[in-house]
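Take the sequences, apply the hints, and build the full model.
For the protein sequence lines, the chains are A and B, in the order given.
Residues in the first sequence are numbered consecutively from 0, following numbering that gives the first Met the number 0.
Residues in the second sequence are numbered consecutively from 0, following numbering that gives the first Met the number 0.
Don't read these hints as lab results, they were simulated from the structure.
If a hint is listed, it holds; no wrong ones were tucked in.
Restricting the straight-line Cα-Cα distance to at most 25 Å, the calculated cross-link-like pairs of lysine-lysine (PhoX-like) are:
(1) A:126 <-> A:90
(2) A:147 <-> A:126
(3) A:159 <-> B:89
(4) A:90 <-> A:37
(5) A:12 <-> A:37
(6) A:132 <-> A:90
(7) A:10 <-> A:46
(8) A:132 <-> B:90
(9) B:29 <-> B:175
(10) A:14 <-> A:90
(11) A:12 <-> A:90
(12) A:46 <-> A:90
(13) A:147 <-> B:89
(14) A:90 <-> A:10
(15) A:147 <-> B:90
(16) A:132 <-> B:89
(17) B:90 <-> A:159
(18) A:83 <-> A:10
Only a predicted model underlies this, so the values are computations on that prediction, with no experimental measurement involved.
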Amino acid sequence: MENLLTFVNDKLKAKFGEAIISSSQERDFPVFVVERNKIIEIISYLKEEAELGFGFLTTMCAVHFPDNTGAEFGMMYQLHNLPKNLRIRLKIFFPVSDVIVPTLTGVFPAANWMERQEYDFYGIIFKGHPNLKRILNVDDMDYFPMRKEYPLEDGTREDKNDKMFGR
Amino acid sequence: MAIIQGTEIKITDKPEGVEGQGFFATSLDKAVGLARKNSLWPLPFATSCCGIEFMALMASHYDFGRFGAERLSFSPRQADLLMVMGTIAKKMAPVLKQVYEQMAEPRWVLSMGACASSGGIFDTYSVLQGIDRIIPVDVYVPGCPPRPEQVIDGILQIQQMVGNESLRRRNSPEYKAMLASYGIE
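Here you go:
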């Protein structure tokens, strides 16, 4: 396939139209920013459509840009067409006041634990997830540690001071 | 403590006591202390790279067994010495505390390496900043990871404590207060 970006973009535009907000080539990755509400349909289409065949969810992760007002949070999905060895990336963005994303577990069961991880670290609610609870952190943790407003350090550490470590 | 140098064999010194033809009398404290310190059963709680260093310590080159601690106990109920080696995540903390609680008295704790002692480089939300926040620690061995010689030194210090402690340390009010401060029955 000579130009993956144009090919996938044309297919998606024909099917979903305005839901495809932008497309660009970032190094060797075609990246598509899409509507949040259409994300499951789009991924499902990319998986099922014979000419596309992105049948493998490589990874997914959340991102937090606190200064990006109105679109503080995002989700990134990376798909792989194994027979042809093609990869694409999809992104959605949404505001901090509304961190609800439809679950991908219906299309890729492997998304189950990845979505639990993003809930654990960023507090993103995956609507329809069968078991949305913390997966890596302690169960009684009362915040989402990867959100930028929380410090990375423990905070109770006593053997470090500003003089030595520039805190 | 038998150290073989050529053909000369050194046996651990006998404690103070009264000696005569065919008998030796000493206090029970000292006799039991001598037995305990030279037959420690360590429980290795190895969670990361310090555990690898511990393997070197147990192997023939450093031979931890020379100090009477040949037999590792993988059941906390039979162990005397809890050796915590490696980063303890906050999620692991209740497990470590339960292991400590399951050990029978008398029990001692050696914290090996920077992570177990203070959190080390992992000053982060997910890591316990030193095991002494959940269980009492007798000897800290610094280092990242410590050399086996350092751990041997730590073990010798533990032996010093074990040999000199009163027989029923667990009945002392100080010890009870110390455990109570950690919320351990």
